[in-house]
Amino acid sequence: MAMTGVLRPGFAQLRVLDMDAAVRHYVDYIGLSLVSREADGRVYLKAWDEFDRHSVVLREADHAGIDVMAFKVDSDASLADFARRSEAFGLTVDHVGEGEQPGLGRRVGVTIPSGHRIELYADIAAAETAPGTHNPYLWHEAPHGMGAIRMDHGLLYGPNIEQVLAYFTEVLDFRLTEKVDLPDGLLGIWMSCSNKAHDIAFVKHPEPGKLHHLAFFLEDWNAVGHAADLMIRHDVAIDIGPTRHGITRGQTIYFFDPSGNRNEVFAGGYQFYPDQPVRTWDHTEIGRGIFYYERALNDRFLSVVT
Amino acid sequence: MGMGHLVRIEDGGDCLCAPGESVLAALGRAGLCVIAVGCRGGGCGVCRVRVLEGRYRTGRVSRAHLNADDEEAGFSLACRLYPESDLTIKAAGPPAPDVVTNKAAGKPAAGTKQSGRINPWQ
Ligand code: FES
Ligand SMILES: [Fe+2]
Numbered sequence: 001m002a003m004t005g006v007l008r009p010g011f012a013q014l015r016v017l018d019m020d021a022a023v024r025h026y027v028d029y030i031g032l033s034l035v036s037r038e039a040d041g042r043v044y045l046k047a048w049d050e051f052d053r054h055s056v057v058l059r060e061a062d063h064a065g066i067d068v069m070a071f072k073v074d075s076d077a078s079l080a081d082f083a084r085r086s087e088a089f090g091l092t093v094d095h096v097g098e099g100e101q102p103g104l105g106r107r108v109g110v111t112i113p114s115g116h117r118i119e120l121y122a123d124i125a126a127a128e129t130a131p132g133t134h135n136p137y138l139w140h141e142a143p144h145g146m147g148a149i150r151m152d153h154g155l156l157y158g159p160n161i162e163q164v165l166a167y168f169t170e171v172l173d174f175r176l177t178e179k180v181d182l183p184d185g186l187l188g189i190w191m192s193c194s195n196k197a198h199d200i201a202f203v204k205h206p207e208p209g210k211l212h213h214l215a216f217f218l219e220d221w222n223a224v225g226h227a228a229d230l231m232i233r234h235d236v237a238i239d240i241g242p243t244r245h246g247i248t249r250g251q252t253i254y255f256f257d258p259s260g261n262r263n264e265v266f267a268g269g270y271q272f273y274p275d276q277p278v279r280t281w282d283h284t285e286i287g288r289g290i291f292y293y294e295r296a297l298n299d300r301f302l303s304v305v306t
Numbered sequence: 307m308g309m310g311h312l313v314r315i316e317d318g319g320d321c322l323c324a325p326g327e328s329v330l331a332a333l334g335r336a337g338l339c340v341i342a343v344g345c346r347g348g349g350c351g352v353c354r355v356r357v358l359e360g361r362y363r364t365g366r367v368s369r370a371h372l373n374a375d376d377e378e379a380g381f382s383l384a385c386r387l388y389p390e391s392d393l394t395i396k397a398a399g400p401p402a403p404d405v406v407t408n409k410a411a412g413k414p415a416a417g418t419k420q421s422g423r424i425n426p427w428q
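Protein sequence lines correspond, in order, to chains A and B.
What the first sequence shows, in my numbering, is residues 1 to 306, in sequence order.
What the second sequence shows, in my numbering, is residues 307 to 428, in sequence order.
Excised from the complex, chain A in its bound form (with noise of 0.2 Å):
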């Protein structure tokens, strides 16, 4: 097996101002379901087509952003060297013992220079309801909402990220698949532990610790259609799109939860492979890098943030 040390983004920790209004749109809406909620108040979610019991935790705070991003590893022993590694590098490692989040085994967790907390863990209860195994139907029941997929990657803004880079790349064994490099400097990095074009993104940004959209994959542009068409029923925030990014491919849309959080739905995006080698996007086409279509970024894509 070609895969292996960090497999996937397992799960986000979103902080929502409003619990009810976040449910309503992460499981009415993108069409994630419920797992639980729990006597502290978070709430757990999953996509249908995940085998693991969660990938979404919602928890009501003051203010909005992320907690935390959290990465599935292939094994205990991975867990530990990657432990072993983080700190080599530098980094404070922390542990969080098995059971901080229900189904969840225990995390190994770091600050990273961007001012993101990021963990790592190997072990995770399976869900109830996983996809089917022996003689399998598409689904148990028909993807509702959005009908998300999988939560699939987040684009995280904060400042050094070329520190944040060579922690990925050297301790991690993510590979660098797209950056954007202006004359003053790198400003973004697309990367990827496995198949996909990118399973975590980071653009550089005064704030550390700053969430700019958390995406969920959607099966095809019909599907992104069908997106936008519930986004305008219901009345959820659109930031941008139906659009594609020339970054990654993805056919994609940017819109907001009731909190402010930026969410994406997209589908699409290239397949990657290790020995492909790295595409770069300067200053003077950075707009149609991010909104193909568009040609341009709009002012909103560099300054909000949670």
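Hint data in this document are derived by calculation from the structure and do not stem from the laboratory.
Yeah, the Cβ is synthetic: ideal placement off N, Cα and C, and Gly gets one too.
Do not rely on the hints blindly, as some may be mistaken.
Said to hold, decoys possible - Computed Cβ-Cβ distance ranges for the label pairs, DEER-style:
1. B:364 with A:24: 17 to 25 Å
2. B:358 with A:163: 31 to 39 Å
3. B:359 with A:234: 29 to 37 Å
4. A:233 with B:390: 25 to 33 Å
5. B:340 with A:95: 49 to 57 Å
Claimed, not checked - Among chain A residues calculated to face chain B with C-beta under 8 Å, some are:
6. 17
7. 62
8. 64
9. 260
10. 274
11. 300
12. 303
13. 305
To be verified - For the chain A half of the interface with chain B, some residues (derived, Cβ under 8 Å), not all of them:
14. 83
15. 87
16. 144
17. 256
18. 259
Since the structure of chain A is already known, use the hints to place chain B with the ligands on it.
Same frame as chain A, but now just chain B with the ligands:
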């Protein structure tokens, strides 16, 4: 009530804000792009305004962008601001974002929309 309330921008322009409509949505509907439009959910802080006159109520907003002292001083996030009388407001930052600029050359990067708010309600 019924008809809504008039929202006047200190630096010029006004619009009618319908009952239950946020000030930011009313400005957008009127094509008055004088306040930055971001998340429209009280989370990002770019639509910050100061209310100079009038009564209003507010929805939940991120404390990262508006604390109790700010509220006391009449600051508000326009996407979570609902008039209860006619209002006079002014934009209160944050400053217009420095969109990707070529700092070395001191000029905007090509392919970057540099000026003007886009109106998501258009
Ligand atoms: S637009 Fe984001 S707080 Fe109002
Ligand atoms: Fe994305």
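We went through each hint and held it up to the structure:
{"no.": "1", "hint": "B:364 with A:24: 17 to 25 Å", "result": "holds, 21 Å"}
{"no.": "2", "hint": "B:358 with A:163: 31 to 39 Å", "result": "violated, 45 Å"}
{"no.": "3", "hint": "B:359 with A:234: 29 to 37 Å", "result": "holds, 34 Å"}
{"no.": "4", "hint": "A:233 with B:390: 25 to 33 Å", "result": "holds, 29 Å"}
{"no.": "5", "hint": "B:340 with A:95: 49 to 57 Å", "result": "holds, 50 Å"}
{"no.": "6", "hint": "17", "result": "holds, 4 Å"}
{"no.": "7", "hint": "62", "result": "holds, 4 Å"}
{"no.": "8", "hint": "64", "result": "holds, 4 Å"}
{"no.": "9", "hint": "260", "result": "holds, 2 Å"}
{"no.": "10", "hint": "274", "result": "violated, 30 Å"}
{"no.": "11", "hint": "300", "result": "holds, 6 Å"}
{"no.": "12", "hint": "303", "result": "holds, 3 Å"}
{"no.": "13", "hint": "305", "result": "holds, 6 Å"}
{"no.": "14", "hint": "83", "result": "violated, 31 Å"}
{"no.": "15", "hint": "87", "result": "violated, 31 Å"}
{"no.": "16", "hint": "144", "result": "violated, 23 Å"}
{"no.": "17", "hint": "256", "result": "holds, 4 Å"}
{"no.": "18", "hint": "259", "result": "holds, 5 Å"}
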